[in-house]
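S.K.: Sequence:
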Amino acid sequence: MSETLNKTETMALGIVLERRKGTSAWAEWAWRPVSVIPGAPPVDGPWRLLREGEGWAHFHAATLPLELFRSDTEGYKLNLSQEPPRLWVVLRPDETGEPGGVVPFVVTASAHECEAYQVSGVEMVETVAMPPEVTALVRDFTEQHHVDVPFVKRERKRHFPKQG
Numbered sequence: 037m038s039e040t041l042n043k044t045e046t047m048a049l050g051i052v053l054e055r056r057k058g059t060s061a062w063a064e065w066a067w068r069p070v071s072v073i074p075g076a077p078p079v080d081g082p083w084r085l086l087r088e089g090e091g092w093a094h095f096h097a098a099t100l101p102l103e104l105f106r107s108d109t110e111g112y113k114l115n116l117s118q119e120p121p122r123l124w125v126v127l128r129p130d131e132t133g134e135p136g137g138v139v140p141f142v143v144t145a146s147a148h149e150c151e152a153y154q155v156s157g158v159e160m161v162e163t164v165a166m167p168p169e170v171t172a173l174v175r176d177f178t179e180q181h182h183v184d185v186p187f188v189k190r191e192r193k194r195h196f197p198k199q200g
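Just so it is clear: in the sequence shown, position 63 is 99 by our numbering, and no numbers are missing.
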C-alpha cells in the first residue's frame, strides 16, 4: 500500500442483530450479531428492520467505530491468521427499552481485546465474519505498524542469599 496509514485507524461498522424466536421459557426472543455493514451511517431513533422471514428478523441496531491501534497489532495478526478472520461484537444488557434488552457496545478486530469482555460475565461476546474491505484495512494496518518483540526470559530474583 503506497499510502501511509495513521497510528490509529477508525472505520464505521453497522451492527446487524438477528432476532429469532426463543427456545426457552425464559426468553421470548434470542438475539445475536450476524454481520456488519462497513461505512454504515449512524442509527438515529429505533433500530432499522433490514429483512425478515418466518421466525426471524435482521435489524441495523447500531453503528460503532472499529478502532485499530498500533499497540494491538499482535492481536490483529493473530486474528488474521485464522480462517476466516472475525470481528468480535460485544452486547450489553439494556434497560432503556431497545428491542431484545441488548445494545451493541463495542466491535473489535483484536483477539486480545475481546478476552477482557469475555471474562466480565456481564457482556455477551459473539463473532461475525470480517468483510473483505475490513480485512484489507486490518491487514494493511498490521503490516505497516507491527513490530515483532523478541521473547526475553526473565531471571528470577532470589529471596535469600545464595548459600555457599
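Be aware that one or more of the hints could be misleading.
Pairwise CB distance ranges (calculated) [said to hold, decoys possible]:
1) Pro167 with Lys193: 41 to 51 Å
2) Arg190 with Thr59: 46 to 56 Å
3) Ala165 with Pro101: 30 to 40 Å
No lab work stands behind these hints, which were simulated from the structure alone. The structure presented is a predicted model; accordingly, all values stated were derived computationally and were not measured. Where a beta carbon is used, it is the ideal one built from N, C-alpha and C, also for glycine.
S.K.: Give a verdict on every hint.
M.R.: Hint by hint, here is what the structure shows:
1. About 49 Å separates the C-beta atoms of proline 167 and lysine 193, a value consistent with the hinted range of 41 to 51 Å.
2. For arginine 190 and threonine 59, the Cβ-Cβ distance of about 50 Å falls inside the hinted range of 46 to 56 Å, so the restraint holds.
3. Between alanine 165 and proline 101 the C-beta distance comes to about 19 Å, which lies outside the given range of 30 to 40 Å.
In summary, the structure is inconsistent with hint 3 from the numbered list given earlier, while agreeing with all the others.
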